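Student: In case you want the letters, here they are:
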Amino acid sequence: ALVVVGSPLPRLRALLQRCWARLERGLSPGAFGGQSPPWGPALAVQAPALLAPAVSDGSESSAEAPGVWESMLWMAVPKKRRSIEVNRCRRRHPSKLIKVKRNIDVCPECGNLKQKHVLCGYCYAKVKAETQQIRMEIRKKEGGPFNAPTVETVVLYDGEKPTEKDEGKRIIERARKRPSWFTQN
Amino acid sequence: HCSSLSAGAWARGLLTWARPERWLPSCSLFPLSCIHTSTSLQQIGKWEKKNRIVYPPQLPGEPRRPAEIYHCRREIKYSHAKMWYLAKLIQGMSIDQALAQLEFNDKKGAKVIKEVLLEAQDLAVRKHNVEFKSNLHIAASLTGRGRYEKRIRYHAKGRFGIMNINRCHYFVKLVEGPPPPPEPPRTGFDQAKEYVQQLRNRTLIHTL
Numbered sequence: 001a002l003v004v005v006g007s008p009l010p011r012l013r014a015l016l017q018r019c020w021a022r023l024e025r026g027l028s029p030g031a032f033g034g035q036s037p038p039w040g041p042a043l044a045v046q047a048p049a050l051l052a053p054a055v056s057d058g059s060e061s062s063a064e065a066p067g068v069w070e071s072m073l074w075m076a077v078p079k080k081r082r083s084i085e086v087n088r089c090r091r092r093h094p095s096k097l098i099k100v101k102r103n104i105d106v107c108p109e110c111g112n113l114k115q116k117h118v119l120c121g122y123c124y125a126k127v128k129a130e131t132q133q134i135r136m137e138i139r140k141k142e143g144g145p146f147n148a149p150t151v152e153t154v155v156l157y158d159g160e161k162p163t164e165k166d167e168g169k170r171i172i173e174r175a176r177k178r179p180s181w182f183t184q185n
Numbered sequence: 001h002c003s004s005l006s007a008g009a010w011a012r013g014l015l016t017w018a019r020p021e022r023w024l025p026s027c028s029l030f031p032l033s034c035i036h037t038s039t040s041l042q043q044i045g046k047w048e049k050k051n052r053i054v055y056p057p058q059l060p061g062e063p064r065r066p067a068e069i070y071h072c073r074r075e076i077k078y079s080h081a082k083m084w085y086l087a088k089l090i091q092g093m094s095i096d097q098a099l100a101q102l103e104f105n106d107k108k109g110a111k112v113i114k115e116v117l118l119e120a121q122d123l124a125v126r127k128h129n130v131e132f133k134s135n136l137h138i139a140a141s142l143t144g145r146g147r148y149e150k151r152i153r154y155h156a157k158g159r160f161g162i163m164n165i166n167r168c169h170y171f172v173k174l175v176e177g178p179p180p181p182p183e184p185p186r187t188g189f190d191q192a193k194e195y196v197q198q199l200r201n202r203t204l205i206h207t208l
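First to last, the sequence lines map onto chains A and B.
Counting in this note's numbering, the first sequence runs from 1 upward without gaps.
Counting in this note's numbering, the second sequence runs from 1 upward without gaps.
Hint data in this document are derived by calculation from the structure and do not stem from the laboratory.
You may find that some hints are simply not true.
Said to hold, decoys possible - Every beta carbon over 12 Å from chain B, so not counted as near; a handful from chain A, in silico:
#1 Arg82
#2 Gln115
#3 Lys169
#4 Ser180
Stated by the list, open to error - Chain A side only, calculated, beta carbon under 8 Å to chain B, not exhaustive:
#5 Val100
#6 Lys101
#7 Ile104
#8 Ile171
Keep in mind that this is a model prediction, so the values were computed, not measured.
From the three backbone atoms N, C-alpha and C, an ideal C-beta is built for every residue, glycine too.
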């Protein structure tokens with residue numbers, strides 16, 4: 001967040017600069033972590049003691065150092081290392097284990113497994129593939145974008161003739177047998 | 001004849017921990033022919049070797065020993081800790097139930113474990129003389145830590161962290177037969193009964 005300091009009072013500006021420098025120092029004490037040897041750990045957490053003189057700010061007076069210390073102490077920090085027993089109690093708690101699902105059934109059409117409130121994956125993929133083919137036929141017939149007609153569409157398979165009900169409708173031919181799940185009218 | 005009795009007892013005692021069926025592979029007559037030259041697989045893991053044990057033929061009166069199939073997959077690109085939850089889900093289920101649960105789980109490891117289970121089921125039917133592929137249950141399902149690699153993870157403002165590329169192994173043991181019934185949870189009544197039994201077992205020591 002950029003702070004535009006355009007105030008006329010020089011004292012206010014100096015104060016804002018000091019506050020900003022303090023904030024920066026509080027949030028990024030590991031600034032020269034990039035230049036240290038490749039496997040040196042990056043201290044992204046509190047450790048101002050080693051690095052306070054690194055980012056030298058000429059306007060900072062030595063009287064500000066205790067102020068920096070005070071602002072450090074409010075960070076939440078672990079007091080002790082968590083033992084593996086404590087860690088296991090947390091990681092293996094029943095609320096964290098995966099629950100056994102009781103809503104799995106068998107699809108009556110294809111026999112694959114399906115969840116009760118979800119469509120069968122296999123049947124859906126089957127329908128999706130056929131719809132893809134129909135859409136390819138439509139694209140061939142239309143020729144380009146924005147050519148969709150204002151009438152309904154009827155899909156006819158091998159050996160099917162349009163009935164009286166399909167008078168004014170656009171007819172899409174598919175060169176295969178009618179699938180059992182795609183009933184006519 | 002008392003010496004033969006003691007020799008028999010000693011032999012039986014030796015056989016409890018020695019278990020020669022584990023040393024003698026299927027080609028037991030010429031052990032030198034079974035030495036493997038170093039292949040590109042580096043080392044054959046212990047879990048893979050468990051499939052090679054051959055038991056002596058069973059006596060007519062003994063109950064039938066259920067078939068055991070050990071299968072594993074090594075160096076799966078997934079976290080060991082995350083894989084553990086899936087392995088824990090599967091423990092003790094029948095193979096059909098396990099496959100159903102894994103199919104509708106959204107984790108990456110679920111897909112991998114499903115493939116491993118299907119491979120193991122296939123192996124069971126082809127090589128391990130299992131009659132019905134549904135008649136298997138998961139006796140043990142474990143994960144192990146694979147080879148980790150350290151890499152640099154780049155943060156903003158020129159800072160960095162060191163991240164681990166995590167890999168894991170997954171081991172499964174299928175046993176023929178229906179899954180064992182789950183243990184009933186310990187009630188307060190059971191705990192009270194055990195407490196009373198402990199009280200009753202107390203004796204007086206250092207007395208007549």
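Student: With reference to the structure, classify each hint as holding or not holding.
Tutor: Hint by hint, here is what the structure shows:
no. : hint   : verdict
1   : Arg82  : holds (15 Å)
2   : Gln115 : violated (6 Å)
3   : Lys169 : holds (40 Å)
4   : Ser180 : holds (25 Å)
5   : Val100 : holds (6 Å)
6   : Lys101 : holds (6 Å)
7   : Ile104 : holds (5 Å)
8   : Ile171 : violated (40 Å)
Of the numbered hints listed earlier, those contradicted by the structure are 2, 8.
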